[in-house]
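Chains as they are written, first to last, in this note's numbering: chain D, 3 to 262; chain R, 344 to 593.
Wrong hints could be hidden among the right ones.
[Stated by the list, open to error] If you anchor each label on the Cβ, the simulated ranges turn out as follows:
#1 R:Asp357 to D:Val121: 51 to 57 Å
#2 R:Thr585 to D:Phe232: 15 to 21 Å
#3 D:Ser230 to R:Pro532: 51 to 57 Å
#4 R:Asp392 to D:Phe232: 54 to 60 Å
#5 R:Thr585 to D:Val98: 56 to 62 Å
#6 R:Arg540 to D:Trp198: 39 to 45 Å
#7 R:Asn355 to D:His34: 53 to 59 Å
No wet-lab data here; the hints were simulated from the structure. Bear in mind the structure is a predicted one, so any value in this text is a computation, not a measurement. Note that the Cβ used here is the ideal one computed from N, Cα and C, for glycine as well.
What follows is the residue order along each chain.
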Amino acid sequence: MSNFAKTFSSSLGKKLVMALTGLFLCTFLIVHLIGNLQLFKDDSGQAFNAYAYFMTHFTPIKVVSYLLYSSIIIHAVYALIISAGNKKARPIGYAVQVGNQNSPWTSRNMGILGTILLVFIVVHMGDFWWKYHNAELPYAKYEISLDNPNDIRVSELAYDANLLVHSEVTDLQARIRIVISKDLYKIVNNSFQTWWYVVLYLISMAALSFHLIHGFRSAFQTIGWDNSRFLPLVRFIGIWVFGVLVPLAFAAMPLYFFFK
Amino acid sequence: MNLTLKVWRQKNADTKGKFVTYQADHVSPDMSFLEMLDVVNEDLTKKGDDPIHFDHDCREGICGSCSLHINGRPHGPKQGITTCQLHMRSFNDKDTIVIEPWRAEAFPVIKDLAVDRSAFDRIQTAGGFISVNTGGVPDANAIAIPKVVADEAFNSATCIGCGACVAACKNASAMLFVSAKVSQLALLPQGQPERYRRVQAMVAQMDAEGFGSCTNTGACEAECPKEISITNIARMNRDYFTAKLIKQEE
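Generate the whole structure from the sequences, applying the supplied hints.
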């Protein structure tokens, strides 16, 4: 085995893989969140659909997206390998063990929280990512006034295999810009009309919160970050940005469509 | 005090163990936990029964021999002390106390509550030392070491190798022990020549012994009788990755 392979098969190396993939997924969450804020725009989804097109057809982002998919898989597979090793390290358990007296609940349940998140990712990608790429979605036709960009008339077009995913035409005579795009916004809107689907998202975002409250700062510890000056900042970001702000903002999306 | 003890009894490493309940009556609150067990054992011996086996030596919290998992926590309910420093006044009359050995694949039970912790010795032998040729005693002030660094190294060096970190960890990981032993030398000038070889050798031995991985729960730090910080773990990780991924092979 090469030195490199040996490093990543050691207990510390496996944890480094967990930390690095985990932190990469954290940075993705920020990007995903900022992009998804388009959902809150009151433009019948024009901005969101344009954003969805950009994210799926801009080459650098496509490259990063494959890095992202592999990170999710590696993070999950390594978690399984490490957990199996940990189980083997204590074949006979204690009759009494009071973990709540020496460690936070989140830190002891990363596996369960991660499993909830993995199920969520599969459902979430199946319903939006897969459908956007493969299903015969209807199109939305936006007629946007060039004089007043807030004046948008929207109409629905049926699925047409000959239509591009996204196209734009500017009609200077009529002073309008016509944008036709695959209507992911409609799918999002329709999905979040079902109460149990909204609940599934809320549970998953709670799991995300607990997973990251421990996970974010834990990743820094694993990498070997012990700078006492910046450690409080890492803790603060872990709890307030990734544990509170990000999950709350994501949870607001299904709630927004449900109550709209 | 009258207490009910549920004690793990196991003849040897190859047999299956089980809990046996004992009644400990007229226990003085001033007794240490081990003295209480001594009294119970005296009764057992008088009755012709096999006394409960447990590890102990100095009985003043510095040798790291005692190793009891008491009511779900290594070294019992108090913080920053070993089992021998735990007193019966920490319990209430008529309490039931569950006493188990350290549970880890790398710490096989020898008998009853005594476990084999020689895995720790093998980790130390793998690299937890500095190589110094014998000769004249160097001048004590020849190498200047800042007080904060010396203190930090000393804090790491207070590890008594009792194994409570492994016992407390949900993964039976030895990271706190190994990182303390790595750090006490990595922090000091004398430890530098072998710094990166040491960390690799000790981690390799730790993995070979079958300890689990670190989830950063902090349970080890909370249960360590010497209150050794998990900062040591971050330091060891950094040294290990530096050694493996950045430094040239020594």
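Practice task
Could you work out which earlier hints the structure fails to respect and list their numbers in ascending sequence?
Solution key: 1, 3, 5, 6
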